[in-house]
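> Take a look at the letters that make up each chain.
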Amino acid sequence: MPDIRLEATINGRKITRNAKPHQRLLDFLRDDLNLTGNKEGCGAGECGTCSVFVDGVLMKSCLLPVAKAQGAQIETIESLAKTGELSLLQKAFHKAGASQCGYCIPGMVMAATAAIRANPFADREEIKERLGGNICRCTGYQKIFDAVEMARDVQNGRLPATIFSEVEAEQGDYIGKNVRSIDAPSKVTGRLKYAGDMTMPGMLHVQVLRSPHPHARIVSIDTAAAETMAGVEGVITSADVPGEDGFGVIVNDQPVMARGKVRYVGEAVAAVAAEDLLTAKRALAAIEVVYERLPAVFDPDEAMRAGAPVLHDYAPDNITKHIPIRVGDVEKGFAESDLVVKEAYSTQAIEHAYLEPEAGLAYVDHDGVVTIVSPDQNITHHRHMLARIIAKPIAKVRFIMSPVGGGFGGKTDMIYQGMLALLAMKTQRPVRLVFTREESIISTAKRHPSRTRLRMGLMRDGRIRVLEMTMVCDGGAYGLSTGNVVHKAAVLAAGPYVIPNIKVDTYGIYTNNTPSGAFRSFGALQAAFATESHLDICAERLGLDPFQIRRINAMRDGAVTHTRQKLGSVSLSRVLDAAEKVSGWEAGAPVSRGDRRSDLDRDDIRPPCALGARFAAADKQEAAE
Amino acid sequence: MDKQMSADRPKERQVMLICGEYLTPGTLDEAFAAMQRHRGRYRVVAGCTDTLPWAREGRAGDVEIPVLIDVARIPDLRESRVDDHRVWLGAATPIQRFLDDPALGRALRCMPRCAVWFADEQIRAQATIGGNIVNASPAADVTPALIAYDAEVELAKSSGGRILRRRMKLDQFVIGPNRTALEEGELLIAVECDALPGHGGSFEKVGHRRSLVISIVCLATLVKLDAQGRRFEDVRLALGGIGPVPRRLADVETFLRGGPLSAARLEEAAEMPVSLVASRTRQAYRRDVVRGFMLRGLINAARRAGAEAGALPPELEAVYA
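The listed protein sequences derive, respectively, from chains A and B.
Position 611 (the first sequence) corresponds to 611 in the working numbering; numbering is contiguous.
With positions in the second sequence counted from 1, the corresponding number in the working numbering is that position plus 625.
Incorrect hints may appear among the rest.
Residues of chain A clear of chain B, computed beta-carbon distances all greater than 10 Å [to be verified]:
(1) Met59
(2) Pro120
(3) Met203
(4) Asp313
(5) Gln377
(6) Arg429
(7) Tyr497
(8) Leu542
Here are the simulated SDA-like pairs of lysine to any residue, each with C-alpha atoms no more than 20 Å apart in a straight line [claimed, not checked]:
(9) Lys128(A) x Gly832(B)
(10) Lys20(A) x Thr649(B)
(11) Lys281(A) x Pro822(B)
(12) Lys281(A) x Val688(B)
(13) Lys20(A) x Gly832(B)
(14) Lys281(A) x Glu689(B)
(15) Lys446(A) x Ser521(A)
(16) Lys281(A) x Arg666(B)
(17) Lys20(A) x Ile690(B)
(18) Lys20(A) x Val688(B)
(19) Lys20(A) x Glu689(B)
(20) Lys281(A) x Ile690(B)
(21) Lys128(A) x Asp725(B)
Worth flagging that the hints you see were computed from the coordinates, not collected in a lab.
We treat Cβ as the ideally placed atom computed from N, Cα and C, and that holds for glycine.
Bound conformation, chain A alone:
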């Protein structure tokens, strides 16, 4: 492999370096030059966290073979605030509160910089389009667009530059005020180090061998060839776990690496630590695993039937959790109702898709403390579990939470920290694992797919008499947060409505699918989707406005919920009023609308399949020519 002799100007500095022919510009900047401000979010040109200027033109450095930088001027996020002073756009991002987790922000600032350079007078639509190559999962983009417009207006003299120095909150008075986030400067400059940006002297690179089968007995794992490869410092399997193997949120049913059998495609089976990434990858290929395939089950309803394949010995019915709720007399409620509506609803698995793929760094410190640095959303619980797994006293286990580049619940599971601990202990060197986007998607928890059967009885005037719901959630191969998710789904199933008779059953079921786990709203989404869709259908059947049917049944201040929780204040009425106003709602029952909807024909609603805000002027001119 002849190296490339690369000459380029990086952030104003001329460099001459050797680079590997297969390196991408992103690898070269991050690994060789330690310019970690720009991130890797997907490695496939989809997310824009790696955007850098090449000869003044913004490009995605994960799509650029390093040879394309030959002789070029490269500017990374580090170039923007080189003197210590934030650039106009960085100040605006800070001021507008445009950064949350911060992982997309370096790329986003670069894209915004390119947009304003390309057209200093771009309107909001054009800004949106020019930032189209960069994804953010936290902000919903509005504050980012606010920031770009603010910077544009300051640059064009339409806003005073003093806007950046104004402080809204009085000393000590923060509630209800706009407060400047103190960590924003570290994010808009790319200075904040996420776990994947961190290195330590002597650090090894970790790669994980994953199951290709949804359900199989592990007959044997042969790691001998991998262990003797030059550059490989440690290989681990479940045999290396010294303590009580098993982690989870409610039930500790998941081993650090598959033990005896694999239960889903993507489950960790073995892990390697090596001097470099390529060696670690090659070592994985040298590990031989013999599997005996087992019948698998992918549908939770099938998994509940007698004779279905069983995933875990402790749960022969494949039920992770069943939550029943009973209020009043359901049969009586249906008998009293004027209208009974029965429907079925389903929701699908959803990936969190935080911009930062999982990453972690682990080492054993001078006092023998096993230390894990990772974007972990539940470090205290994980510390206790890991102590038991590696058979160490709690004082010898330390978790450090690195900045979380988006979690949304998806980083609450100890899915890889156990492997890092074992490899750090085995090699006695720092070890780092950085997931690829593909690995993150295949191996970590998703939102629970659900199937809900819902029956509701109502009076002619819209009052709900009774609700009966059965929800089956696909929990996938391991428990994780399933128990809590189906619990919350049950508690919130009847919504914020006064309903005298209720029968709710929610189930979390084991299947050989990717495990389901915590995800924003945590079971409420699946239940609310069913209940709220159902209310719309009932409104249609009763000739009521969907807002009206909700107001008729709304809980008020001081209400007691179906699970006996007393609510001091209930904001539902205010929420309904606000939603009705901003949506430009056409009053009336759903059946009253014609084939054209006036509430959609508004200036602030974009027509479908439309792109090309920059052509607005050209359109007129073209016709005139």
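Add chain B to chain A, keeping to what the hints say.
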């Protein structure tokens, strides 16, 4: 129980392209020399915006190519020439050129509108016209638009120290999904097509989002009207995303040419290509989209071609423009 045992030696899970050598020839001669020297063990790349994501898990997976030959820096391939009648575009011309070069945008009114839908601002700066053509994706955006301009491709190979060139129509060059008429040792040098500054252009596209989106259907439309702005003098139409290769709609063009912009004729024209939908999936959806895009494309292009006020049927204009 399935007693079948399997020894699974996993495929090497590389998530990047591994190559032994990455060559950046500065001239066509150097490129051909490299191709001859590494015959059977090279791959030609240009923008690389599809090659790198292709060499990842879930697509090609582990890819080890001994030699990559990057032709994007060859000056001949980066030139573009425009006059009143013809446009010549070097194969390594970045897609973004359609948006950045006003002369090109005027000569090919459809192309900036096509380009704005292509990937995103940043990938367009790197991705090349030639790459999009040679990739021959059924969902390619640039290819159908260029087919509407009667584009020809210029191909070259080296033989006995001489460079042999040939030309062919673009719609014959693309022969199937990821398949072209390019021969072993041959390079796509350029695309040449009509300059049609007097034609109004539209590019309609739908996918799952607006940026970085693969076409489910795309339609390139070019319209020239008579001096009164009331009749079609010329119409060019090409559809993408509806089957293995892009399709020029010659029969619809003939049907519309010389006729008025009436609702009846537009609606009849919109129906004509619906039966061409031969995609692997979502055929019913695509047929609906084709019908709608035909109306939208023709109306938008006619408006931009200077349709007389009131010449377009107002009921269609209200819905589709």
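> Does each hint fit the structure? Answer for all of them.
Status of the hints after comparison with the structure:
With a cut of 10 Å on Cβ distances, methionine 59(A) falls inside the contact zone with chain B, its closest approach being about 5 Å. Non-interface status of proline 120(A) relative to chain B is upheld: no Cβ of that chain comes within 10 Å, the nearest being about 16 Å off. For methionine 203(A), the non-interface assignment is confirmed: its Cβ lies about 20 Å from the closest Cβ of chain B, beyond the 10 Å cut-off. Interface exclusion of aspartate 313(A) from chain B stands, the closest Cβ pair being 16 Å apart, more than 10 Å.
The beta carbon of glutamine 377(A) is kept farther than 10 Å from every beta carbon of chain B, the shortest such distance being approximately 25 Å. Remark: the non-interface label on arginine 429(A) is consistent with the geometry, its nearest Cβ contact in chain B lying 23 Å away (cut-off 10 Å). No beta-carbon of chain B is positioned within 10 Å of the beta-carbon of tyrosine 497(A); the least distance is around 35 Å. For leucine 542(A), the shortest C-beta to C-beta distance to chain B comes to about 33 Å, beyond the 10 Å cut-off, and the non-interface label holds.
Of the supplied pair hints, the one linking lysine 128(A) and glycine 832(B) holds, its CA atoms being roughly 17 Å apart against a limit of 20 Å. Between lysine 20(A) and threonine 649(B), the direct Cα distance comes to roughly 14 Å. Compliance with the 20 Å bound is thereby established for this hinted pair. A distance of roughly 54 Å separates the Cα atoms of lysine 281(A) and proline 822(B); the hinted pair therefore is violated under the 20 Å criterion. Proximity of lysine 281(A) to valine 688(B) is assessed by CA-CA distance (about 13 Å); at most 20 Å being required, the pair is judged to hold.
Restraint check for lysine 20(A) and glycine 832(B): not satisfied, since their Cα atoms lie roughly 37 Å apart, outside the 20 Å limit. At roughly 13 Å between alpha-carbon atoms, lysine 281(A) and glutamate 689(B) fall within 20 Å of each other, so this suggested pair holds. Proposed proximity of lysine 446(A) and serine 521(A) is supported: the alpha carbons are some 13 Å apart, at most 20 Å. For the proposed pair lysine 281(A) and arginine 666(B), the alpha carbon gap of about 23 Å is over 20 Å, so the pair is violated.
Proposed proximity of lysine 20(A) and isoleucine 690(B) is supported: the alpha carbons are some 14 Å apart, at most 20 Å. Distance restraint check for lysine 20(A) and valine 688(B): the Cα-Cα separation of roughly 16 Å lies within the 20 Å cut-off, and the hinted pair is therefore satisfied. Distance restraint check for lysine 20(A) and glutamate 689(B): the Cα-Cα separation of roughly 14 Å lies within the 20 Å cut-off, and the hinted pair is therefore satisfied. Proximity of lysine 281(A) to isoleucine 690(B) is assessed by CA-CA distance (about 17 Å); at most 20 Å being required, the pair is judged to hold.
The straight-line distance between the Cα atoms of lysine 128(A) and aspartate 725(B) is roughly 18 Å, inside the 20 Å bound, and the hint therefore holds.
In summary, the numbered hints that this structure violates are 1, 11, 13 and 16.
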